[in-house]
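Respectively, the protein sequence lines represent chains A and B. Sequence positions in the first sequence follow our numbering and run 1 to 933. Sequence positions in the second sequence follow our numbering and run 1 to 224.
Hint data in this document are derived by calculation from the structure and do not stem from the laboratory. Just so you know, even glycine gets a beta-carbon here, dropped at the ideal spot from N, CA and C. Hints are not guaranteed to be accurate.
[Unchecked claim] Okay, the calculated beta carbon distance ranges per label pair:
1. A:D92 x B:N203: 44 to 52 Å
2. A:G733 x B:D168: 48 to 56 Å
3. B:R87 x A:Q327: 35 to 43 Å
Here's the letter readout for the chains.
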Amino acid sequence: MSSNRRDFIKGAMALSGLFAAGGCLAPTEKTDTWNKGGPDPDPAEGAKVVRTVCLGCHSACGLQVKVKDGMVIKIDGNPYHPNNKEDFLSYDTDPRQAEKVNGTVCAKGGATMQTMYNPYRVQHPLKRVGPRGSGKWKSITWDQAYKEIIEGGDLFGEGQVDGLKAIRSFDPIDPAAPELGPKANQLCFMPGRIEHGRKEFTDRWFKDAFGTVNKRLDHTSICETSHHVGLELCLHKKNHIKPDIMNCEYIVFFGTSPYEANFPMQAMARKLNFFRERGGQLVIVDPRFSNSAAKAARWIPILPGTDAAFVLGMMRWMMDHDRVDLQYLAFPNAKAAKEGAGHLTWSDATYLVRTDDGKLLRDGKEALVMAGGKPAPASRVQQAELLVDATVNGVKVKSVYQMLVERVKERTVKEYAAICGVEPQAIEREADAFTSHARRAVADFYRGSVQHTNGTYTARTIGILNFLIGNVSWKGGCEAHGGSHWHEMGGKPGNPYNLAKDLHPGKVKATGVNIDRHKNRYEETSEFKQKGYPAKRPWFPFAYHNVYQEVIPSIAAQYPYPIKCLITYWNNVVYSAPAGSHQIELLKDTKKLPLHVAIDIVMGETSSLADYILPCRHFLEDYATPHVAPTILTKTSGVRQPVAPPVFKDTKMLEQIFIDLAIKMGLPGYGKDGLGPGRDLSEPGDWYKLLVANIAYGDKKDHAVPGATEEEKVRYVLERGGRFENRDKAYKGPHTHHAYKGICRIYSEQLATARDSMTGKPYDPLPFHEPVRDCLGRPLEENKGKYPFRLLTYHPVYHAQARTAASTWLMGVTPENWVQINTADARKLGINNGDLVRVYSVSNQQGVRGKALVTQGVRPGIVVIPHSLGHWQYGSKPFNLDGKETAAAPWIGRGCSANPVMLLDPHLKDVCLQDPIGGSSSFYDSPIALEKV
Amino acid sequence: MRQQNQQLDAEWERSQGQMYQFFATVLLNRPDQELLEGLLSQQAVESLQMVFPGHPAIARLAHLAEEYRQGRREAEEFLLDYEALFRVPGDTFSHPYQSAYLMANDHHKHGSRPSLDPCITRLVSEAYQRQGLAPGKNFDEPPDHIGAQFDLMSWLCRLTADALDKGDIQEALRLHAEKNSFWADHLLGWGSECLSNVENQANTDLYRCLAELARLFLNSEPDQ
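Sequences and hints are given; from them, build the entire structure.
Below, the structure is given as structure tokens:
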């Protein structure tokens, strides 16, 4: 041994006697789990853990639910789900080990157990016994409900009512207008909230079995539909963008508060915390000082509905200061963009547009560009000319970018700023910041920008701002695809069951015009041929996602045809839509709407106006396969499954209700062999086991989860609450892994060649700021003297939509609903903090009342009322059931709602202002007044 | 491993274990009077000189020990330094947890704040459980604390030595491999960086020198 080694040993051993050994480990026979300083031990000893997906809001976060003795006792976040943890568990983690780790869950998600055990839920099928909306009901059996709904008859002592059997006829509604379709279209399904897995089930029922085109007119247009439509008119088959927050350096959010709402709220808030810790710049453009603005580098309080003007101002500054990525814009095809600068996308900036008809100049199907002074097919050129104003074969043409420059330069930055009500420096500073981070800068937006009459134009304008710096699909840039999901409906090589195309013997074909005229062109109708413009009510050829607020008024107007039966599910349109309370009287009209069946869990504001209420299950008792937003960059397929036995045994899953109806009616595709020979569709599990099997096997061959049999694979997925791609699959080199690889359109040929059904005028195909207008294109008469304020609403972090007021926990943390008013405005009106005030408009003089919150956190001239409170049903008031008054909880009705005060369209008078392109309802364009009461 | 000279190897393993335990003790324990008197004694300095011959930190420690014995340094100064380095999340907190360092490489770039990770702490505690070890009642830190990991290395060295003493070569080889694996899978990835932070952020030469020596010792592990 060397002397060094000997000295080492001697020295080390000498140290041992100098003080007591102070290690922390000791031998033990019982190896306890580490319970100090590590993950919290679960207080529910012996609880069963079930993983499912939340529906407290629409973010579809994972839940890890603890159940004991058949009751839900605690809700935490699912640690496998990327919404709930940044470093979510590897998918192959043992589920028993995963029980020791909790992901996050927001207050709403944790409180959903209260709405499950809500004693004010409807527990049995109900039938009205007085006039519709009179609040008088009796309990009936399911069999009686089914029989009457299917067979019809003199159901209420008010005359004959056609049931579903009679309505299901394939004779034309109007032989003189065959485009309207068959009489089966007189059945309309209007779900408020319906998710994947379930919506495909009901589509199959209504469209492919019953035969109505009115298969699903859901809530999207009171949420954000113009956001989707605007982006669909920019991208190819994609309608949602989000920043890659974890790698971005600058984000400007228009019309959204990601620390309170958006998708998914808790993941966005978490990611933004990391973003800010890294020194990322967060900018919030919103008339209201939200809690997101409180965390931002800058808050810019523009006037409502002027987001497009602000962005056009940014574009103007960028063009004036040479901050546009002209190299990217000059690539006219995918190959050129990839080889030229590594882009996965390209733009239409160089495409030539005919100035006579607004169409692209083509050679056959191929768009043409100018290269070397000569027109050439876009697919064959490496780089094309950006600024073109020429004549080609006698046709005057301009390049898209030429048109964009001309559009942007119609105004100066100062003029754009004046529209927005801000200083020009606010625009200049953001334009400079936005273009100082290469591609790691993103402009994002949500419903605050688009729930205006100009929503689609605004969506396109903000989306296109990103194209000008070429940031789409780059790491740290604008994500237009997201991780997406496995295809639960099948149709991919690895999926064993193709429910989208097959497995429906005897299916029928639904044809005709939708009652809300979405995706239908007025110019293709008999009405247009007879009378031209304007149509009686607006048509929405670009509203791919329904026009929810238009459904009841159209039924009342019997336009374009009468409806005989409306089935609503989780629908509260009279509460949730702007000016929705004006639809109450329309819904009560039994002549215009002979039969209304509501499927709901409570006596809601809208279901109280039904003829029958069929009680369904709470989402914690339900199945579904919800998807997530492109905030999440890895493939994610959450699976919702019942976590506990149903609280109220006489309720049914939505799928079971429709299976029962279909079997009794003999509709094709239900009951024995309903999914094909040897495959019954008699209960919801028959459907969902096929969907989960598709997820388990995956989209590609040999990409199944572990398991020797299909059943084992399905169990593998269910134990984890879904299937989730591991984190290391988020990126691929300098791009996101599941990146969008398509065209980025600045010009919309579709808009340029379509006309507004009410004005006959073509739409604008470029980024555009349009002032607020009614359906006839008339600027809104603001009447500033009488209604000097603009009313806004928003989604507070502890509440969501219509459903959270029944939770005592959530109501406990938001006990009052404030009418928020600027300090200076309040002083002029003599209003102090806490005073009772009345908010009213020209459409609702009676208005709503609430307590004033006087604050500097609201732009002068703006009044804000948060959503989700102010119920007038929902368990806040008793109703008459079987001759007795039911119990009620008045606290559920606390607060006030902004919606009843919102403006009706001055021409139509029965529906709110709407975006004529995307179909979004206007929540933010209503002039109002307020006074102390 | 040289099987011919079991006596020498067992002694070597035991002395390694002793050094790991020495560093575990100073990292895990507040410097009370007993610990300081032992640590800053002449015997301690001489012993460390034998283990780290000629290292400049020893001379600084010797100077500090002299000052302490003469009453020119207060115990409170060392206590405050220990608290700031290992207990109180202030400006000089060294975040002595494996997950904080590995998470820092993952998401927390550009100077952001590290955080704990239950997955990593669980892996480390499983390594303890495999040896039949568990935390004492008074230990209130996450299991991936650097002191706890040094303590495990100490145990593995001593158990190896015991196996060699009993002539159980297979067991000794197994334990030796466990020790090397734990070092490679856990301490290697972050231990040196953590000790560098302690060295740079310490207010007293006591923890500066101890961190420097601990880092030197840790980095010499593959040669042992």
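Checked hints:
One distance hint, 44 to 52 Å for the beta-carbon pair D92 (chain A) and N203 (chain B), holds here, with the actual separation near 46 Å. Evaluation of the 48 to 56 Å hint for G733 (chain A) and D168 (chain B) yields a pass: the beta carbon distance comes to about 52 Å. Between R87 (chain B) and Q327 (chain A), the C-beta spacing of about 54 Å breaks the proposed range 35 to 43 Å.
Of the hints listed earlier, the one the structure fails to meet is number 3.
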